[in-house]
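So the sequence lines, in the order shown, correspond to chains P and R. Under my numbering, think of the first position of the first sequence as 649, with each following residue one higher. Under my numbering, think of the first position of the second sequence as 83, with each following residue one higher.
Please keep in mind that the hints were generated in silico from the structure rather than gathered at the bench. These figures come from a predicted structure and were not determined experimentally. Certain hints may be false.
To be verified - Restricting the straight-line Cα-Cα distance to at most 27 Å, the calculated cross-link-like pairs of lysine-lysine (DSSO-like) are:
no.	chain 1	residue 1	chain 2	residue 2
1	P	Lys-778	P	Lys-742
2	P	Lys-709	R	Lys-122
3	R	Lys-202	P	Lys-746
4	R	Lys-122	P	Lys-742
5	P	Lys-778	P	Lys-746
To be verified - If you want the footprint, here are the derived chain R segments under chain P, 3+ residues with CB under 8 Å:
no.	stretch
6	96-105
7	311-325
For glycine and all other residues, C-beta sits at the position ideal for the given N, C-alpha and C.
Spelled out, the chains give:
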Amino acid sequence: MEVLSAQQLTRNYGDRRGIEAVNLRVNVGEIFGFLGPNGAGKTTTIRILLGLMQPSHGTAKILELDCWSQSAVIKRQIGYLPGDVRLYSWFTGKNALKIVSEIRGQDEVRQRGHALLERFQLDENLQVRKMSRGMRQKLGIVLALAHNPRLLILDEPTSGLDPLMCDELYRCLREAAAAGTTVFFSSHTLSEVELLCERVAIVRDGKIVADETMDALRRRAQRAVTLRFLPNSGTETLEPPDFLEVADRTDLIWRGEMIGPTSKLVAWAARQPLEDIEISPPSLESLFRRYYQSCEESA
Amino acid sequence: MMRGLWRKTLLETWVQLLLFGLALFLVPALLTMLLPQLEKGLGQVLGAFPFMRDLIQALLGEDLGATINAQNLQAIIWVHPSVLALLWAQEIVFCTRVPPGEIDRGTIDILLSWPVSRRKIFCAETIIWLTTGVGLCLLMWAGHLTARQFVSSSAPTSPWRVLIVLANLYCLYVAVGGIALAISAASNQRGRAMATVFGLVLASFLLNFLVQFWQAIAGLAPLGVLHYYRPAAILATGAVPVADMVILASVGAVAWVAALEVFARRSICTV
């Protein structure tokens, strides 16, 4: 079942491009990565999903409800953490949870929120104006999670968090997903999306350039390959196969990248006068960079 | 739901409300205590400085002819620039909080992530704005009554007439606040919204003042909100200025509806 869907979502800021013909589908219980560099259109998409902005074209739906006209109803089921979270300077964990529980009309928000404050090691009486950026981020996360939402929309949630707290957040999100919560996780850092998400959409220049499962991406990801030939094996005339892109070539050592299954390389290598072969794990980072580069080049 | 929004608004604004409330208690009290001094020397002042008559008339926004007396002077308490400036400053600060204040601070994302429609957020703000207006007017009255215990005027005004003035002042508060809300609803920058509203009320004040000296612009007088606020006439006759109050309340209501619709329908863009 789809929790979130967007079709041909477009939004311009006057002459400036926002997003263009964005199509998205996120299924229930999925941890969905929304990946892109700064300024790619991630936040614009999220603001449309939250009903803060009306799309110029296209539709966005969450739980089958229109994101613009039924925004208030949808938000009962959404937990949201903005990128660069700004909270009221007079907020403390305690009064923020009280206000949010009153607004949501759910007393259990306070109990759950207090448990999350403890989990993220946050003093409930400390005012936001006295908090570090990381602490504010933690409070934002607590407020997003406290009402046990069906959909969590997190815009770069780990910015400002130390590695231990990042791990705690990942654990928290995995638990939420296991309990049926859908997570829409926006980030510009591939490593955390790779660690957490089952599926990822890559956005660049306001357009979706890839929307695939992590496994599919990994299959298409390149592996760094180093081939070390035996001395006097006559490699000068040897041509690399199509699936191997050699970037650095000396008499005895070739370094490059390969795409596709390793079995093809192994089969080819078995026929070559090789002393040694090194094949790295698939690098999504390089695939990610390649996506960006190809888009930049086409632009 | 509303209780949470009210709690949030009050936690955010109580210091501002307290300070303005205190000032609006003290200034009318101070003016009430100072007026008897002016009353005593009124004849001498007007004789020695004839232009003072024009200045007082301009301040009161009334052509009083030769009838400037102690009772007319009581109206100064309710039209004094410091009183109006404090009242307007309070509501301009309050009414420009949502959305431009929230956008400036970056907290609009959190506010609009709560499961409350924009209309409800706006109504919650409106209820506090209107309620605090009543409270501030009553504080002004309380300041005036308190000071009256310590001084005696040669022309004591009836509390009923003062209440009518305050009702008229409240309608003025509604009109100015409504305009402030309408300008804010379409704005992304609080400073710009505040400056625009301040410019409008200042223009209204100057128009009301200048009309007394410059008959050529008399036709423009109805364009200013202060044209519909005449404490001197109310204190002199005790008549309820129904038409003036209806006009002010209507201006406020129309501006409020426009603000509500703009806020509910606009895209909140912070990038």
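So, going through the hints one by one against the coordinates:
1. P:Lys-778 - P:Lys-742: Holds, at about 15 Å.
2. P:Lys-709 - R:Lys-122: Violated. Lys-709 (chain P) to Lys-122 (chain R) sits at ~74 Å, over the 27 Å cutoff.
3. R:Lys-202 - P:Lys-746: Holds: Lys-202 (chain R) and Lys-746 (chain P) sit about 19 Å apart, inside 27 Å.
4. R:Lys-122 - P:Lys-742: violated, 58 Å
5. P:Lys-778 - P:Lys-746: Holds, at roughly 19 Å.
6. 96-105: Violated - the stretch 96-105 of chain R has 0 residues with a Cβ nearer than 8 Å to chain P, which falls short of three.
7. 311-325: violated (count 0)
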